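**Student:** Residues per chain are reported as follows:
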Amino acid sequence: MKTIHWIILGILFVITLGFEFTVLAGYDSHWWNAIPAFYALFGLVCCYAIVYVAKFIAKNIVNRDFNYYD
Amino acid sequence: MIEFLTIPGVILIAGALLLPFLPAKVRPSLFLVFPLLALIVVFTRPDGYSVTGTLLNYDLVMMEVDALSRIFGIIFSLTAFTAGIYAYHMKELGQQCNALVYAGGALGVTFAGDLLTLVIFWELMAVSSTWLIWARRTKETDGAGMRYLIYHILGGGLLFAGILWHLATTGSLAVETVAREYSVANVLMLLGVCINAAVIPLHTWLADAYPKATVTGSVFMSAFTTKSAVYVLLRMFPGWEVLAWFGAAMAIYGVIYAVICKDIREILAYHIISQVGFMVCGIGIGTEMAQNGATAHAYSHILYKALLFMSTGAVLYATGTSRMVHLGGLFKKMPYVFFLYMVGAVSISGIPLFNGFISKGMTIDAAGYAGNETAMLMLLLASVGTWLSVGLKLPYFTWFDKTDNDIEVKKLPVNMYIAMGIVAFACIFYGLFPGTLYMYLPFEVNYQPYTIYHLVEVIQISLLTFLGFWLLKKKMAPEPIIALDVDWFFRKAAPATRFVFVQKVDAFYDRVEDGILGIARWLTEKFRNPMKWLNPFTKDTNEASSYSPSMEVVMSFILFSFLVFAIVYLL
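Chains A and B, in that order, are what the protein sequence lines are. Every letter in the first sequence is one number past the one before it in the working numbering, and letter 34, counting from 1, is 42. Every letter in the second sequence is one number past the one before it in the working numbering, and letter 108, counting from 1, is 115.
These are computed hints drawn from the structure, not numbers from a lab. Computed from a predicted structure; not experimentally measured. Treat the hints loosely; a few may be bogus.
Derived pair list, reagent style DSS-like, types lysine-lysine, alpha-carbon separation capped at 27 Å [said to hold, decoys possible]:
1) B:Lys340 with A:Lys10
2) B:Lys340 with B:Lys418
3) B:Lys418 with B:Lys32
4) A:Lys67 with B:Lys32
Using the sequences provided together with the hints, build the complete structure.
**Tutor:** Written out as structure tokens, the structure reads:
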């Protein structure tokens with residue numbers, strides 16, 4: 009990933025925030041619409057949660073050698 | 008009779024019976040004709056069209072068309088056609104015939120108007136698809152195929168038992184929505200169908216067998232078994248709340264395992280479980296929008312999952328391995344496959360402009376509109392996991408990451424690229440023109456996927472998930488491991504089960520056999536010379552033959568006595 013890629017992604021994120029606080033400011037279909045940038049936070053938190061939970065399960069319970077069942 | 012031969016499922020199965028009599032050269036081309044014929048039939052038959060017949064005393068409806076069966080019929084025929092192109096270079100008759108029977112089975116289930124027809128095609132699918140696993144002919148695939156077959160025989164048996172019970176209690180064989188009550192018949196049928204839909208914890212056959220099937224076989228497998236089960240659930244069990252929770256749970260279960268797994272085709276297999284979870288959840292919610300969402304998602308899913316299995320199959324074909332630990336750095340060697348894979352990957356992740364976006368959003372929103380915000384958030388969490396594992400982890404560790412991978416890459420047949428190109432085009436086409444899919448859905452569609460809210464939601468989730476992946480990617484790096492699943496319980500229990508139910512039973516039969524032979528031996532010895540019994544003073548050395556005249560007299564006397572007794576008794 010080059011710096012330019014990060015900048016493009018950053019701009020895209022800022023645009024979505026812009027829409028969220030202008031066009032969608034009055035939008036209220038779920039309780040979480042009141043939380044600013046909820047979906048961004050949700051994405052990041054869930055990503056961390058999935059990786060760490062998966063890692064924990066893998067390490068402690070399910071990971072075995074290739075020839076485990078042989 | 009002519010009508011019978013125009014049933015889409017029968018067309019494909021007839022094709023499979025015809026293929027062995029044709030020269031090997033024309034077989035792959037002719038393979039493609041049958042799905043096309045089926046597609047023409049599906050498009051030209053109006054709503055309410057039916058083909059009926061009788062078997063024993065039962066009136067069968069072997070084909071019945073409505074909006075729901077049509078949309079599944081279209082996608083099953085299309086997939087059989089594109090998978091046929093993908094497998095064009097493959098000359099193995101067994102795989103060609105079984106793939107056609109398999110696709111025919113799925114189409115047969117889709118158009119079956121009665122439960123007996125349905126279960127016949129259902130079992131045909133199970134048997135023919137097993138061949139596609141065994142066709143790799145390794146020790147590993149022999150075992151996986153057997154486990155797959157046993158699981159599906161169990162599923163088919165449960166479904167059939169449920170159907171018979173249903174017939175006995177209601178007297179009806181129609182494929183229709185059943186009363187929402189946990190009667191024995193309904194539970195048996197639901198369990199049978201849930202096995203094929205890979206609902207956790209009945210899912211292990213899928214993650215076990217699909218990654219081990221042949222390169223071309225897994226493309227067929229990714230489309231038919233689970234989605235025909237989704238169709239039956241939509242038809243018979245819409246609105247069963249238990250399905251909503253199992254669906255949401257399997258959506259998350261699938262993505263967690265996809266993060267754990269280190270084999271690219273196994274990751275995709277777990278993602279079938281996850282994606283079918285979205286559909287099962289939609290069916291469980293049961294509103295018109297949710298059912299539309301489940302149907303649309305099944306349609307989209309078959310397309311992008313076929314594309315994903317095609318492109319990872321291409322990697323396996325070219326490199327000879329699907330284990331991530333051996334892959335990496337393939338971008339320069341297989342750039343086109345990467346781009347085609349990414350079309351499938353962004354589609355499954357529900358990125359705007361691709362077909363996953365127009366169907367996944369509908370299913371998730373349907374959960375929200377139905378007031379089930381918990382299920383909605385669970386499905387959104389699963390979406391994060393999908394993008395993380397199929398959209399980022401898999402391609403990163405397959406095509407990038409390493410720079411010094413000197414793995415040999417075989418040239419791919421052109422037909423593989425053509426098939427992937429067609430399916431990739433379809434993924435983009437439906438993403439750009441959602442109306443072309445929505446018009447075939449069973450209920451009227453009042454859903455607009457391209458709203459600012461929806462776009463903001465998806466883009467924010469995807470961007471921050473990407474950031475998370477980039478920060479945590481080392482934690483997902485390839486390792487030489489396998490991941491155990493709940494099949495551990497019966498795979499580890501197998502030796503004990505074999506000991507109790509096979510070896511012990513065998514030993515028992517052996518003992519009984521020895522005992523019977525022993526008795527026979529004893530009796531033979533004792534009756535060799537009955538004179539010893541009749542005359543205690545007979546010498547042991549005397550043979551029976553020397554007594555024959557007197558024996559005849561004795562035996563004649565006994566017989567005569569019986570005769571006299573019988574006559575007296577009867578008169």
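**Student:** For A:Lys67 and B:Lys32, compute the direct alpha-carbon distance and say whether it is at most 27 Å.
**Tutor:** violated (51 Å)
**Student:** Given the hinted pair B:Lys418 and B:Lys32, is their Cα-Cα distance within 27 Å?
**Tutor:** Roughly 21 Å between the alpha carbons, so the hint for B:Lys418 and B:Lys32 holds.
**Student:** Under the criterion that the straight-line Cα-Cα distance not exceed 27 Å, is the pair B:Lys340, A:Lys10 satisfied?
**Tutor:** holds (22 Å)
**Student:** Would the hint linking B:Lys340 and B:Lys418 be met if the CA-CA limit is 27 Å?
**Tutor:** holds (10 Å)
Hint violations for this structure: number 4 only, all remaining hints satisfied.
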